[in-house]
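2 protein chains.
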Amino acid sequence: MNGAESLVHTLLANGVEVCFTNPGTSEMHFVAALDHIPGMRSVLALQEGVATGAADGYYRMARKPASTLLHLGPGLANGLSNLHNAKKAGSGVVNIVGEHAASHIELDAPLTSDIEGIARPVSHWVRTSPSAETVGKDAAAAVEAAMTAPGQIATLILPSDTAWNTGGTPAEGREAPAPSPFEEGALDTAAAALDGPETLLLLGGTALTEENLETAGRIAAKTGCKILSEWSNARMERGAGRVAVGRVPYPIDIALKVLEPFKRIVLVGARAPIGFFAYPGKPAVLTREGAEITTLAKAGADLGGALSALCTTLGAEQTPPAEVAEADVPEAPTGPLDLDKLAACIARAIPRDGIVVDESVTTGRAFSPATKGAAPHTWLNNCGGSIGYGLPTAIGAAVACPDRRVMALTGDGSAMYTVQALWTMAREELDITTLIFANRSYKILRGELTNVGVGNPGPRAIDMLSLDRPALDWVQMAHSMGVDAVRVTECEELEAALADGLSRKGPSLIEVVI
Amino acid sequence: MNGAESLVHTLLANGVEVCFTNPGTSEMHFVAALDHIPGMRSVLALQEGVATGAADGYYRMARKPASTLLHLGPGLANGLSNLHNAKKAGSGVVNIVGEHAASHIELDAPLTSDIEGIARPVSHWVRTSPSAETVGKDAAAAVEAAMTAPGQIATLILPSDTAWNTGGTPAEGREAPAPSPFEEGALDTAAAALDGPETLLLLGGTALTEENLETAGRIAAKTGCKILSEWSNARMERGAGRVAVGRVPYPIDIALKVLEPFKRIVLVGARAPIGFFAYPGKPAVLTREGAEITTLAKAGADLGGALSALCTTLGAEQTPPAEVAEADVPEAPTGPLDLDKLAACIARAIPRDGIVVDESVTTGRAFSPATKGAAPHTWLNNCGGSIGYGLPTAIGAAVACPDRRVMALTGDGSAMYTVQALWTMAREELDITTLIFANRSYKILRGELTNVGVGNPGPRAIDMLSLDRPALDWVQMAHSMGVDAVRVTECEELEAALADGLSRKGPSLIEVVI
Numbered sequence: 242m243n244g245a246e247s248l249v250h251t252l253l254a255n256g257v258e259v260c261f262t263n264p265g266t267s268e269m270h271f272v273a274a275l276d277h278i279p280g281m282r283s284v285l286a287l288q289e290g291v292a293t294g295a296a297d298g299y300y301r302m303a304r305k306p307a308s309t310l311l312h313l314g315p316g317l318a319n320g321l322s323n324l325h326n327a328k329k330a331g332s333g334v335v336n337i338v339g340e341h342a343a344s345h346i347e348l349d350a351p352l353t354s355d356i357e358g359i360a361r362p363v364s365h366w367v368r369t370s371p372s373a374e375t376v377g378k379d380a381a382a383a384v385e386a387a388m389t390a391p392g393q394i395a396t397l398i399l400p401s402d403t404a405w406n407t408g409g410t411p412a413e414g415r416e417a418p419a420p421s422p423f424e425e426g427a428l429d430t431a432a433a434a435l436d437g438p439e440t441l442l443l444l445g446g447t448a449l450t451e452e453n454l455e456t457a458g459r460i461a462a463k464t465g466c467k468i469l470s471e472w473s474n475a476r477m478e479r480g481a482g483r484v485a486v487g488r489v490p491y492p493i494d495i496a497l498k499v500l501e502p503f504k505r506i507v508l509v510g511a512r513a514p515i516g517f518f519a520y521p522g523k524p525a526v527l528t529r530e531g532a533e534i535t536t537l538a539k540a541g542a543d544l545g546g547a548l549s550a551l552c553t554t555l556g557a558e559q560t561p562p563a564e565v566a567e568a569d570v571p572e573a574p575t576g577p578l579d580l581d582k583l584a585a586c587i588a589r590a591i592p593r594d595g596i597v598v599d600e601s602v603t604t605g606r607a608f609s610p611a612t613k614g615a616a617p618h619t620w621l622n623n624c625g626g627s628i629g630y631g632l633p634t635a636i637g638a639a640v641a642c643p644d645r646r647v648m649a650l651t652g653d654g655s656a657m658y659t660v661q662a663l664w665t666m667a668r669e670e671l672d673i674t675t676l677i678f679a680n681r682s683y684k685i686l687r688g689e690l691t692n693v694g695v696g697n698p699g700p701r702a703i704d705m706l707s708l709d710r711p712a713l714d715w716v717q718m719a720h721s722m723g724v725d726a727v728r729v730t731e732c733e734e735l736e737a738a739l740a741d742g743l744s745r746k747g748p749s750l751i752e753v754v755i
Numbered sequence: 242m243n244g245a246e247s248l249v250h251t252l253l254a255n256g257v258e259v260c261f262t263n264p265g266t267s268e269m270h271f272v273a274a275l276d277h278i279p280g281m282r283s284v285l286a287l288q289e290g291v292a293t294g295a296a297d298g299y300y301r302m303a304r305k306p307a308s309t310l311l312h313l314g315p316g317l318a319n320g321l322s323n324l325h326n327a328k329k330a331g332s333g334v335v336n337i338v339g340e341h342a343a344s345h346i347e348l349d350a351p352l353t354s355d356i357e358g359i360a361r362p363v364s365h366w367v368r369t370s371p372s373a374e375t376v377g378k379d380a381a382a383a384v385e386a387a388m389t390a391p392g393q394i395a396t397l398i399l400p401s402d403t404a405w406n407t408g409g410t411p412a413e414g415r416e417a418p419a420p421s422p423f424e425e426g427a428l429d430t431a432a433a434a435l436d437g438p439e440t441l442l443l444l445g446g447t448a449l450t451e452e453n454l455e456t457a458g459r460i461a462a463k464t465g466c467k468i469l470s471e472w473s474n475a476r477m478e479r480g481a482g483r484v485a486v487g488r489v490p491y492p493i494d495i496a497l498k499v500l501e502p503f504k505r506i507v508l509v510g511a512r513a514p515i516g517f518f519a520y521p522g523k524p525a526v527l528t529r530e531g532a533e534i535t536t537l538a539k540a541g542a543d544l545g546g547a548l549s550a551l552c553t554t555l556g557a558e559q560t561p562p563a564e565v566a567e568a569d570v571p572e573a574p575t576g577p578l579d580l581d582k583l584a585a586c587i588a589r590a591i592p593r594d595g596i597v598v599d600e601s602v603t604t605g606r607a608f609s610p611a612t613k614g615a616a617p618h619t620w621l622n623n624c625g626g627s628i629g630y631g632l633p634t635a636i637g638a639a640v641a642c643p644d645r646r647v648m649a650l651t652g653d654g655s656a657m658y659t660v661q662a663l664w665t666m667a668r669e670e671l672d673i674t675t676l677i678f679a680n681r682s683y684k685i686l687r688g689e690l691t692n693v694g695v696g697n698p699g700p701r702a703i704d705m706l707s708l709d710r711p712a713l714d715w716v717q718m719a720h721s722m723g724v725d726a727v728r729v730t731e732c733e734e735l736e737a738a739l740a741d742g743l744s745r746k747g748p749s750l751i752e753v754v755i
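The listed protein sequences derive, respectively, from chains A and B.
For the first sequence, position 173 (counting from the first letter as 1) is numbered 414 according to our numbering, and the numbering increases by one without interruption.
For the second sequence, position 278 (counting from the first letter as 1) is numbered 519 according to our numbering, and the numbering increases by one without interruption.
These are calculated hints, taken from the structure and not from any lab test.
Any given hint could turn out to be false.
Since copy identity is lost for identical chains, a pair holds within one copy or between any two.
[As the list claims (entries may be wrong)] Within a straight-line C-alpha distance of at most 20 Å, the following computed EDC-like cross-link-like pairs (lysine to aspartate or glutamate) qualify:
no.	residue 1	residue 2
1	Lys-539	Asp-594
2	Lys-684	Asp-741
3	Lys-523	Asp-349
4	Lys-539	Glu-347
5	Lys-539	Asp-349
6	Lys-378	Glu-258
7	Lys-305	Glu-478
8	Lys-523	Glu-347
9	Lys-746	Asp-644
10	Lys-613	Glu-572
Treat the numbers as computed from the prediction; the structure is a model and nothing was measured.
Start from the sequences and build out the full structure, keeping to the hints where you can.
Shown next, in the form of structure tokens:
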């Protein structure tokens, strides 16, 4: 058995069943191994940012890692920004990166680069396997690292001779590491802190499962505290029948206002709120001065255990949860679309058990309240702020959950970053309905110019933030990669397009001109 | 004056007149400074790989660096693989990367990352400027680093408070550093080594200018030595009236055969030939065993001086150069296209002073001999092996040389990597004719499977290297980004499309189905 074969056997034995890939010469033995060892679904991407973003989406929905197979340093580099997003989301990913044979590295060939150096800023775990014999155990260690709660980026670099040499030994399956315990010593302080509307229970990570939200709802009902989530959530269960949780807003002035009332804050899987960016003359810490902040559980800890223990300490186990959303979808809007009507159309369209991948940077700020009473669904945010996360993450979610419908909501500027994702959606016939909000600008940056104190920007500055010269034609873009598409400007057109897209087999795209 | 303004003034004073950019919030003060300080051409890219690839192409043709303006670690990360290519090409690039304000970094916001760590593997020079006061002198140092021969990657990281704070002081223009001297001590050895057809003068880098090639041609005529260039050349002057130089072939077995005769090799700007990849059981060093290799000048040294001195030592100053290409274009081929007919069409179409950016990984192996006698032109190769270099590099070449025509030759797989480049071509109305060779596969990898010893690949392996499910529609792809396009399968269609594309204002695309 060669090293490449021991890799595939080890990944399969450890529950890694999907490989998002764009291989090259140095990975050909892995391609051959994937070919003749059954069990691994290989999903080809035309740019590595699609592969790594898909691995992020897969982990969020499957709660276990996929692998990526990337070509040397540049292949890894192309996937780096979506690995950054995955890292910030707490997603586990097993990157397999090919490398030249050891004897070749010292010759400094064109594709030679410092792969470990490229990997390190986005990886929790990096290792270069020295021989075919070590590939199996190193792969098992990589999966274990990736499965360490909440999920980590593990990058295993495999020189091509470790793939083609014999002596490969598959490693056996290991148990996923248990999450770390929560801060039991903080339990009484946390329970005492939550007392009325001036106190906040701030949730993040896996505190946003349906079950954990219900526990949080009981705590809120018992204590009168408010519940919020972080602005960016890797995955939140939402919709009718679930405890509805608002997000700490992105715009700094609004966030400061929302957080101003809270004198005591308890964190479960969340971090104390800070600004996404620094702005001249504005605070970066968003909580009121002197707010008492208690960390009951950090990301990666047993968040369900923390919330249950808090609930028990407060004697709220039987209290009916507060803030349970009632089924409530708006009337069908009519006529030309605006942001509120768009939000209403989306709320009406979300199917039961739908997965919404949200990269609607500016367009989507009204979506959260509007969709509170929609059919029960799962909502994914971009946690690392690097745009181009939406379409790839939708691929991963669809691969993880073939029985669920995926809606990808994205601005045009964001979608262009990893537009190659459309081709993979078509190739894999994934049930993804993509909505492109075509405002034909980096609209968020128009506001940010003002926020950082640049008043009255001139024509060249505005031009640098505009995407309308030429306008992107998303219908032709989608068709060019084998995805059906339609352009809409009216509510009725959007409703029809959503109904069609969400009922058909395979992907479709709707260009929403706003 | 704020730091951002001092940056722009310093770049302009040091001859940096173009900025390839995709800015974000942390770069808004630079956008404002670019807006109100005249002199810097800002070229917007929809993905940073386009921006950095364009900077590579710009340097090759302008012989001076452009700047890039990139958004934090992820923006730099997206540009990393084309920076790898630029580094290997010896291109100078000044990357300006925004960073959070210092006080914000410690809060670990979503977009916080180790920017220096991301920059280092592809940069010769990395610095984070600590204050508005230091931005000017650090920017001047960055340009100086970028201009150090043959050209280097300089990455200057600017926390947003260094941009918005006052105290900015522009630095004055500096002279570009002189190239290092060649190995004068090796001159006699080199002169003695070149003696008949068993000796090779191997050229790279700026040894491939028209003038330096002529000098090499005189040396060859005088000594009977052969001349070759490296496989990957950042820029080579070619065509009728110029000394024609073949490339060391990419396929390892052919390269070994071509190099087998040479007992003595003199290197001027080139490195001793090695394989692009390692293959099981094949050598990585391509020269014959015991070949005597003399390095007269490394990349970055005074290559023109080295060749002139060698020529003088050999008394060849008045010898008419060998291997001067005669004007010789093939007859117009007819009927369905094949690789030889394609090469003939391209040879006929290359306009006087045309710039050919070549990323025709498999399709283009016949182009080099076929175009030897075409109109005088400049040919650019991918030097780092990371695909997706072609379309962005064409942008940079067109921006550097607005009076010259650019032809971008690229495979479909490569073009998809940075397909967003088409939009920038349309926006800037660049005179670029793009030929997409649509073989609908990663064709090179089919061969590489065999080369690394994987015989008889199964259907899943072949599927992982195929781009035909679905086929990409390049005409719609181009249209979606505002570029006119046509699909051709016959020689006559291709000739007509080339004639049209090369005579019109602005970009066009030809999908060549092969």
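Here's how the hints hold up against the structure:
Taking identical chains as interchangeable, the C-alpha atoms of Lys-539 and Asp-594 are never at most 20 Å apart, the minima being 28 Å within one chain and 63 Å between chains. In this assembly of identical chains, the alpha carbons of Lys-684 and Asp-741 never lie at most 20 Å apart, being 29 Å within a copy and 37 Å across copies at closest. In this assembly of identical chains, the alpha carbons of Lys-523 and Asp-349 lie at most 20 Å apart only when taken from different copies (17 Å versus 48 Å within one copy). Taking the shortest Cα distances, Lys-539 and Glu-347 sit within 20 Å of each other only across copies (18 Å), while inside one copy they are farther apart (43 Å).
Only between protomers do Lys-539 and Asp-349 lie at most 20 Å apart by alpha-carbon distance; the minimum there is 15 Å, versus 44 Å within a single protomer. In this assembly of identical chains, Lys-378 and Glu-258 lie within 20 Å of each other by CA distance solely inside one copy; the values are 17 Å within and 52 Å between copies. Taking identical chains as interchangeable, the C-alpha atoms of Lys-305 and Glu-478 lie at most 20 Å apart only when both belong to the same chain, with a minimum of 18 Å there against 54 Å between chains. Proximity of Lys-523 to Glu-347 under the C-alpha cut-off of 20 Å is restricted to the inter-copy arrangement: shortest distance 16 Å between copies versus 51 Å within a copy.
Taking identical chains as interchangeable, the C-alpha atoms of Lys-746 and Asp-644 lie at most 20 Å apart only when both belong to the same chain, with a minimum of 11 Å there against 50 Å between chains. In this homomeric assembly, Lys-613 and Glu-572 come within 20 Å of each other (Cα to Cα) only inside a single copy, at 14 Å, whereas the closest approach across copies is 70 Å.
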